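Same order as they appear, the protein sequences are chains U and S.
Residue 1 is where the first sequence starts when you use the working numbering, and the numbers rise one by one after that.
Residue 1 is where the second sequence starts when you use the working numbering, and the numbers rise one by one after that.
What the hints contain is simulated information worked out from the structure, not anything from laboratory work.
All figures in this text were calculated on a predicted structure; none of them were measured in a lab.
Errors might be hidden in some of the hints.
From the structure, some residues in chain S lie toward chain U, with a derived Cβ separation under 8 Å [said to hold, decoys possible]:
no. : residue
1   : GLU443
2   : GLY676
3   : ILE807
No farther apart than 27 Å at their CA atoms in a straight line, the calculated lysine-lysine pairs in the DSSO-like style are these [as the list claims (entries may be wrong)]:
no. : chain 1 : residue 1 : chain 2 : residue 2
4   : S       : LYS805    : U       : LYS602
5   : S       : LYS669    : U       : LYS407
6   : S       : LYS728    : U       : LYS823
Think of the CB as a built atom: it goes at the ideal place given N, C-alpha and C, for glycine as much as any other residue.
Number of protein chains: 2
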Amino acid sequence: MAKYVYFFGNKEAEGSAEQKNLLGGKGANLAEMTNLGIPVPAGFTITTQACIYYDQNNQTFPETLEQSVKDNLSKLESAMGMKFNDPKNPLLVSVRSGARVSMPGMMDTVLNLGINDTIVEGIIRKTGNDRFAWDSYRRFIQMYSNVVMDMDSEVLEHALEAKKEEKNAEADTDLTADDLKSLVPVFKQKIKEVTGKDFPTDPMEQLWGAITAVFGSWNNDRAIKYRKLNNIPHNWGTAVNVQAMVYGNMGDDCATGVAFTRDPSTGEKKFYGEFLQNAQGEDVVAGIRTPQPINKANKTDSTQISLEEIMPEAYNALVEVYKKLEDHYKDMQDIEFTIQNRRLYMLQTRTGKRTAKAALKIATDMVNEGAIDKKTAVSRIEPAQLDQLLHPTFDPKDKADKKEIAKGLPASPGAAVGKVVFNAHDAEVEAEIGEKVILVRIETSPEDIGGMNAAQGILTARGGMTSHAAVVARGMGKCCVAGCGAVLINYAAKSFRVGDTVVKQGDIISIDGSTGEIFIGEVKRVTPELSGEFATLMGWADEIRTLGVRTNADTPHDAKVARDFGAEGIGLCRTEHMFFEGGRIKAMREMILASDLKGREKALAKLLPIQKQDFMEIFEVMDGLPVTIRLLDPPLHEFLPHEENAIAEIAEELGVSIENLKTKIENLKELNPMLGHRGCRLAITYPEIARMQGRAIIEAACEVKKDKNINVIPEIMIPLIGDVKELKILKDEIIKVAKEVISSYAIELDYKIGTMIEIPRAALLADEVANEAEFFSFGTNDLTQMTFGYSRDDAGVFLPDYVEKGILPDDPFQKLDQNGVGKLVEMGVKLGRSVNKNLKIGICGEHGGEPSSIEFCHATGLNYVSCSPYRVPIARLAAAQAAIKSN
Amino acid sequence: MAKYVYFFGNKEAEGSAEQKNLLGGKGANLAEMTNLGIPVPAGFTITTQACIYYDQNNQTFPETLEQSVKDNLSKLESAMGMKFNDPKNPLLVSVRSGARVSMPGMMDTVLNLGINDTIVEGIIRKTGNDRFAWDSYRRFIQMYSNVVMDMDSEVLEHALEAKKEEKNAEADTDLTADDLKSLVPVFKQKIKEVTGKDFPTDPMEQLWGAITAVFGSWNNDRAIKYRKLNNIPHNWGTAVNVQAMVYGNMGDDCATGVAFTRDPSTGEKKFYGEFLQNAQGEDVVAGIRTPQPINKANKTDSTQISLEEIMPEAYNALVEVYKKLEDHYKDMQDIEFTIQNRRLYMLQTRTGKRTAKAALKIATDMVNEGAIDKKTAVSRIEPAQLDQLLHPTFDPKDKADKKEIAKGLPASPGAAVGKVVFNAHDAEVEAEIGEKVILVRIETSPEDIGGMNAAQGILTARGGMTSHAAVVARGMGKCCVAGCGAVLINYAAKSFRVGDTVVKQGDIISIDGSTGEIFIGEVKRVTPELSGEFATLMGWADEIRTLGVRTNADTPHDAKVARDFGAEGIGLCRTEHMFFEGGRIKAMREMILASDLKGREKALAKLLPIQKQDFMEIFEVMDGLPVTIRLLDPPLHEFLPHEENAIAEIAEELGVSIENLKTKIENLKELNPMLGHRGCRLAITYPEIARMQGRAIIEAACEVKKDKNINVIPEIMIPLIGDVKELKILKDEIIKVAKEVISSYAIELDYKIGTMIEIPRAALLADEVANEAEFFSFGTNDLTQMTFGYSRDDAGVFLPDYVEKGILPDDPFQKLDQNGVGKLVEMGVKLGRSVNKNLKIGICGEHGGEPSSIEFCHATGLNYVSCSPYRVPIARLAAAQAAIKSN
């Protein structure tokens, strides 16, 4: 028979900290503290299993539960030397939920349970404190009626307020015992009126009501929503903790408080906390009175009085306990305590939440203190949290004051403030005169790059986590909120609308690329700085990880940033961005619009020296590290002009009529460009493009090697392969050019030719592809698009809804879909290595910088991940954690 | 050691008809005829293996080959009682290529080999016919210099013509022995001048030269191109047949001819052929003289003289041979013969090519004659050939006279002639007044359906075999040529251009949907009729096949056509086409543009009775057969108006501003609609659409069952599932509606809810999907799009080139890519059946009507294929052939 109830008390507990899944976090830690000899009010935990049973059996309890609760209540009575439902020596209890992970404020709590008109008199007799007794009683009625009887708390709050007015009382504490006593029948009357039910007077009935309510609260709306948002499975259930009440509100020798064993904001090793004298725990949180600092060291002005000063014995006991706890858990703890008549009771301990900065400091300090080893330290840092250290963030307090108008996808982290502009040209013009702007577009295209670069941040109405805007912004380390469908843009009017709010060009907005929030006006920002602990911890991560970390970088600047962040090479250098600036785009357009090979080759000859120069600069920055260069990928139409004057200009240059040029542009348009004439398909049609790019890469490598003695390892990557024959044809073209170039420089040069695996068919037939490829790089952006049939630019319309409805656990463009897309990746790795067991395999989709995806890459046996420069530290840390987990 | 040479002669041969792969078709049949005791000039065959060796070993021969050829030449000499290179009794030989399958005119032949200045005198001595001897000699020099020495044949032709002019000779036959003799040194001189080489006089050198040339011809450009076009592997190689010469040109008791054992055009059982007296085989083909009918029965006018009349003995011998051959091969034969001095020699027999009509007649006749069984008869018909019987075709002779301007994809078979129009509106207006038109569009969209229906045929510049135009045209049984990139359309000027040719609105063109050809002007057409043999053979196919055949039909008319063609149900009824006609589109637009659920439900309520009526009519036509109905699939933007006046009209109806409506339409646009908000994703966002459609289907089924006592089996198919949860959510919605409807009709109704497997992820996770799906239908159009990353609408730009370059063996939208897409289908079937071993699985992509894909479906264990109505007979036949092959 399953054991549904676990007792703790008398320095001994049936459970332990290991049993979080069964006892919930709170229950497991109460048991653990009890076993450590720390003063904890006795009690018992009803397991999560009982909750699951309750959920799955039409809200009924397991058969044995009633008896077990009775038995444990008896044990509790004898441990406390008091009796439940005994007016002579009454025991009151708290009933608290406690799930496997903390779900703050999501579920219910009832305090002071077991009280009624008879018991309250017993309490008065026992404590001699009638005000405390009546205050406990009225608090109980308020909580119970709300939590268990589902009554709006406003009703009794009003009654309380009325009493305070009647008595000219400012605070609750100004009410006398008689005032409070007179409230009890008023409360009961109101409850009867609203719910139609009598308030229960039988303590046992109260107890079961509360247990039922806590179990029920697991499935209240806000709890379900919270779990969805935080990816907590619905079938975990919550435990219920029934514990003897202790009181911080029995008089001035009583207190209650919360504390952290180290500073959760800076990580500094100092005991940090707040307390309230003569108060119940809830009052600290409610913020009705201002808490005082826990010790002298935390005082910020001389009017404050610390616990250390008022109750030094209790404080010293607390210090002893916190040290014991941190020493035991080997991590910073967040603790709750109550002091009743100068005696300390611990009500909770748990791992304390902390800022990224604090996390790094605590982890490295603890290694230095010998408390934990490096692996533990590395495991303690949430990789995604590092974003806080790499980008400015909004001041949370100021954020709370500003008007949030909408929320989009957190496409590229950071916090940006600026005037709204609606096109790249305006962005550039404004930036030129020193204005800070936010570029707002339905979507961006390569033509917008200049404007994106000039803007502080980018906001798009359409497009997902791997849309053009998102990818480019991440590459630039620039804040971006993408796919915010609520934003309806009217380019003609130069304004956008969200509901009733209209934002015009020039209005200031603030966007948070880490959360997707959009605010009207300026939100204050906090600028991060990288501490020495960051470097230390990253160093440890590098020692541990086996997965390589490269970067996606298209420019020498990006490459430099990434190298500084620890990138070990470039995993994806996109060459198309090199065709946009200045005169390049003209030559590119000339190439596209040429009517024959000769015309194309003439235009390509203009591009060759430019590309070569770009590659040389990148090779120099990477100084001997491998550089994977992807040949031209996007459909040609992306490079063509759409504005009348640009078309006219080009027509004149090419010596064709505007009409003919327009027809040509129209004919190059595609219905689904993502699935169109792009990637290697372009090079199959126009091998001269691949030849030019191959020549530029190899010439650049030879020149850098010859002139600067830098040993370049170019890896030429052919995109969008669906059949090995595409690879074979283009590989042969490039090898021919490479041989010619290398011999003309009269040096030796190693280079590799490989492919992206981004078309499902290439993954399905990876064994064939591996016969020709010298390396694979999974392009999981496109692979996700094709495997799901989702356009990254259009899925923003339904994807958030899919995640909300639980159809998908996450946006698959953010976190690699291990089930589906991952199955193809695994097949690709397995098939590829079946032909070439040393095949070097990486990933260069946006997933390369996402921790859960990195863990998958490690487990699947990839050699490296490649991600945008600002994600490199995250990837290094996540790779180390993956290595630790898999051991 | 491999045996590289096989002898035949003296009524005994080392090879047989079974050995086509080794001996080539010609060689194997020469061996077979020899073994049958049929008079065949002796000879030997050098195997295809020797050719492969030659190819793979830098154009060198296997070591043993020279000796084997010598040995076999000796055998040949003794069989013929003559000697090679012996002026006293000279043996001349022919050297002919012969691959595994016939490649007419693609490779080389040399006749009369072994002659020189000395031998020619020996021939004169032996035959007493100096003109014949010199004619043979000059013919040999002409052929050899061209085939072996690679000299332009024009040079010697000119010399011959000069001689004829000099001698006032009209035909070659007017030249005397002396004239021909005098040509020999002239020829040799010219050869020396042009090639710089002496003409070889050593017969053995001539022989090896010819063998080398034949092997080399396997890799000449036209042979390579032919193989690519006809999917013949390059590594098959060709055999070489060296055979004693016999002469049809030795005098008036000689002749040569070709014949068919039955009429290849009608299939009628009559001996049919042509011959030339005193001529060499090549002359029949060359068409210099008009051949005569082979027998009296074939004479079409009294001036003709038949072989039966001139040489009755030889004719009777030929009759005996042809009967023997047909009796032996059990199929209509195409034979070549030569009569030398009244003695019959057979030079070739092979299965004769025939029209579809003849194929049916021959196959059924032969079953009735007891020659073959039904399975054999069914195997004999090329399924694709049936198109000839189902659609009008162009008269091949007239086609040859007309100007072909371009070639697109053969998207929907048939032959259409009409005036060019450039939009659906013009098509409808012209059709109204009785004009026949061809609708020419860059691509079509659902808005064009009316115009497509009004047109004789459709021509598009963009889009592949599964583009909108192609799919809709096939459904309508209407001729369509798609994706003809050479056609540059200028809508504004109402004209299109191909190269220098400009075609204006109103000009007449002819398009062939079976070949993709486009002609200027009217090409004459031949209208087919279905014979009784068609029905007989289809009946046999149905007895044999195990794979079901359903149809893709969206209207009662299509359903009727398909049923008449033998469809056993509807495998895909697309509901979106039901939203376009008349007032429906208005209600649909109202639904899309409504701003809330209430507005959408109001519009859907208008659509409900219309959809219901459509379904009722289809259920009635199908009368008890299963009908699979797919819920709304295309992105909503496809239904929206783009013209100003339509937008204005709708804006007024909905009571919104034109500006707002335009913004809304703009915001619904997608960059890649194929990967966008469509299929089940629409229904997830707007479940009310699925509810309305579910209600319409179930109400229609109930009503038809109740009122007409027709047992309807609706199968509701949810499209574009990528995760089982999508299916689960929508299934639950529909079940709820269905229960309600069925109980309101108070009857019992079986229905099924299943899904299309068309997203790679659904195939990868088919086991999960099968937990909820009551059936699977592979949507291989979309599955091909996503697996390859090819947009069916855009791939026309590069796909033909891919096939041309051999990157892909076929257009994967035409023939299922068994390697890649097929791997996903196999996974889907295996995973799906692992959960539900009786899962009913079909295919409803366009591949359901393509023979090689049908064979794959049979082998993969699918239950049925579904195809457009006009492909149903093809599918029935192909399914039967698949069953036969797999036994």
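Verification of the hints:
1. At its closest, the beta carbon of GLU443 (chain S) sits 7 Å from a beta carbon of chain U; the interface hint therefore holds under the 8 Å criterion.
2. At a threshold of 8 Å, the smallest CB-CB gap from GLY676 (chain S) to chain U is about 4 Å, leaving the interface hint in force.
3. Of the supplied interface hints, the one on ILE807 (chain S) holds, with its beta-carbon coming within about 4 Å of a beta-carbon of chain U, less than 8 Å.
4. Note on LYS805 (chain S) and LYS602 (chain U): the hinted pairing holds, with a Cα-Cα distance of about 25 Å set against a maximum of 27 Å.
5. With a CA separation close to 21 Å, the supplied pair LYS669 (chain S) and LYS407 (chain U) stays within the 27 Å bound.
6. A distance of roughly 22 Å separates the Cα atoms of LYS728 (chain S) and LYS823 (chain U); the hinted pair therefore holds under the 27 Å criterion.
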